[in-house]
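Enquirer: Chains X and U are the protein sequences, given in the same order.
Heads up: take any position in the first sequence, counting from 1, add 56, and you land on the numbering used here.
Heads up: take any position in the second sequence, counting from 1, add 56, and you land on the numbering used here.
Since the hints were derived computationally from the structure, they do not count as laboratory data.
Positions of the beta carbon are idealized from the N, C-alpha and C atoms, including for glycine.
Hints should not be assumed to be uniformly reliable.
[As the list claims (entries may be wrong)] Derived DEER-like restraints, expressed as beta-carbon distance ranges:
1. U:Q213 - X:D287: 42 to 48 Å
2. X:Q213 - U:R280: 34 to 40 Å
3. X:K147 - U:D123: 16 to 22 Å
[Said to hold, decoys possible] In silico DSBU-like links for lysine-lysine, alpha-carbon gap of 35 Å or less:
4. U:K217 - U:K255
5. U:K125 - X:K217
6. X:K247 - U:K186
7. X:K125 - X:K247
8. U:K255 - X:K125
9. X:K203 - X:K217
10. U:K255 - X:K147
11. U:K217 - U:K203
12. U:K270 - U:K255
13. U:K217 - X:K125
14. X:K217 - U:K147
15. U:K270 - X:K203
16. X:K147 - U:K186
17. U:K217 - X:K203
There are 2 protein chains.
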Amino acid sequence: MPYELHYWPTIQGRGEFVRLALEAAGADYVDVARGCAGEGRGVAAMMHFMESSEVQRPPFAPPFLVDGKVIVGQTAAILLYLGPRLGLVGKSEAQRLWTHQLQLTVADAVAEAHDTHHPIASSLYYEDQKPEAARRAREFRQVRIPKYLAWFESVLQRNPKGNAHLVGARLSYADLSLFQLVAGLLYAFPKACRRALNKTPGVDALHGSVAQNKRVAAYLASERRIAFNEDGIFRRYPELDA
Amino acid sequence: MPYELHYWPTIQGRGEFVRLALEAAGADYVDVARGCAGEGRGVAAMMHFMESSEVQRPPFAPPFLVDGKVIVGQTAAILLYLGPRLGLVGKSEAQRLWTHQLQLTVADAVAEAHDTHHPIASSLYYEDQKPEAARRAREFRQVRIPKYLAWFESVLQRNPKGNAHLVGARLSYADLSLFQLVAGLLYAFPKACRRALNKTPGVDALHGSVAQNKRVAAYLASERRIAFNEDGIFRRYPELDA
């Protein structure tokens, strides 16, 4: 039975971290909310899990994964669940914990990237919080992007198995997620992200090598990859980059 | 060998979620940064792990846990590691994953609580972002606190083992963390949090019952519990409550 990924159908968002893992592993999955209502899919099928009082373990928000009777929400928890099943994490507890720690740090960076355009309220438009966004984005560009990427660079450089991967000598979901973080930052903050990447060559190289992974490359070239856009987490508002 | 908890010594902050788990389990631990430099403790001992290039798996930020050769950062990852060791999570994979998902949702709420007083930049003072804080706090009070607490209420009410605990019939680290979230919200937003709790009686009751847990009560009454203050995540600025 295929995995069911449930996420908003028109943005990459946090769902993309799960999608990349499923794609990189060649897993059989259905992107439920992007399907047709006539086939029991679509946004309504997703909302059922969030709104029905019969769901014993309701997700707080998309993305969530349905695997038979298992329902898992929270991006990092989904990857914690999928990692071993998809062969995208090492076998030891230490490796799994470290990979998860990296994922949680990617998640923190993603939340901060979101708040550059929504520093006041997700329920308001960007246009309703532009001055605040300008201030927050400046801090994000000048302090936070460099700090996050420098930390991932140190993780790569200290990996005893070499700097081609964050953990051990093989692709893990943390590599995929760092790729996605960098891709998003390059979309939203092309100038600031490029400046930071120039100081973090290992991160830059990892972003490039993941994009060339055979399955990932095929996915990125497919219609399954939603383009970055200004409804998602990573938005290109030129006034927020510099 | 006792667990080593590393966290900023003058605030509860995110370290408190780990401290509560260690205390509720009666675990042997050292609160390293609160110790004396003369004994090899203090903030310098903590910073060593963050700054030394010899640490193979450096934490991005405190809190982090040191257990022999294991170093784990990210609050939720620390609890993922400690949960089974301290008897604060169920035995099945499904229970552990669900407990972790709850913890990650507490973490999201905590990050939002922090950003009510620092919506622009952690590197600036609250006084440098007061108008933005007022806007963000209004959204947090009116939309986010009710939404988070209502979700935890539904989790409690749908627990097939009863609504005394979030997962199963025993105390888990998710219960402790929800207690701490509510305690922090009651400190920072006494009016708004009380209004939300009046609609979420299960969450209100859980907050009360965890506080009466024998070990937790002893801890809360001890000097080991740092008082809430205006350097931490939950800050009482009356102008942000209403």
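Enquirer: Each hint should be assessed against the structure and marked as holding or not.
Expert: Hints and how they fare:
{"no.": "1", "hint": "U:Q213 - X:D287: 42 to 48 Å", "result": "violated, 33 Å"}
{"no.": "2", "hint": "X:Q213 - U:R280: 34 to 40 Å", "result": "holds, 38 Å"}
{"no.": "3", "hint": "X:K147 - U:D123: 16 to 22 Å", "result": "holds, 20 Å"}
{"no.": "4", "hint": "U:K217 - U:K255", "result": "holds, 22 Å"}
{"no.": "5", "hint": "U:K125 - X:K217", "result": "holds, 18 Å"}
{"no.": "6", "hint": "X:K247 - U:K186", "result": "holds, 29 Å"}
{"no.": "7", "hint": "X:K125 - X:K247", "result": "violated, 45 Å"}
{"no.": "8", "hint": "U:K255 - X:K125", "result": "holds, 30 Å"}
{"no.": "9", "hint": "X:K203 - X:K217", "result": "holds, 24 Å"}
{"no.": "10", "hint": "U:K255 - X:K147", "result": "violated, 44 Å"}
{"no.": "11", "hint": "U:K217 - U:K203", "result": "holds, 24 Å"}
{"no.": "12", "hint": "U:K270 - U:K255", "result": "holds, 27 Å"}
{"no.": "13", "hint": "U:K217 - X:K125", "result": "holds, 18 Å"}
{"no.": "14", "hint": "X:K217 - U:K147", "result": "holds, 33 Å"}
{"no.": "15", "hint": "U:K270 - X:K203", "result": "violated, 42 Å"}
{"no.": "16", "hint": "X:K147 - U:K186", "result": "violated, 48 Å"}
{"no.": "17", "hint": "U:K217 - X:K203", "result": "violated, 44 Å"}
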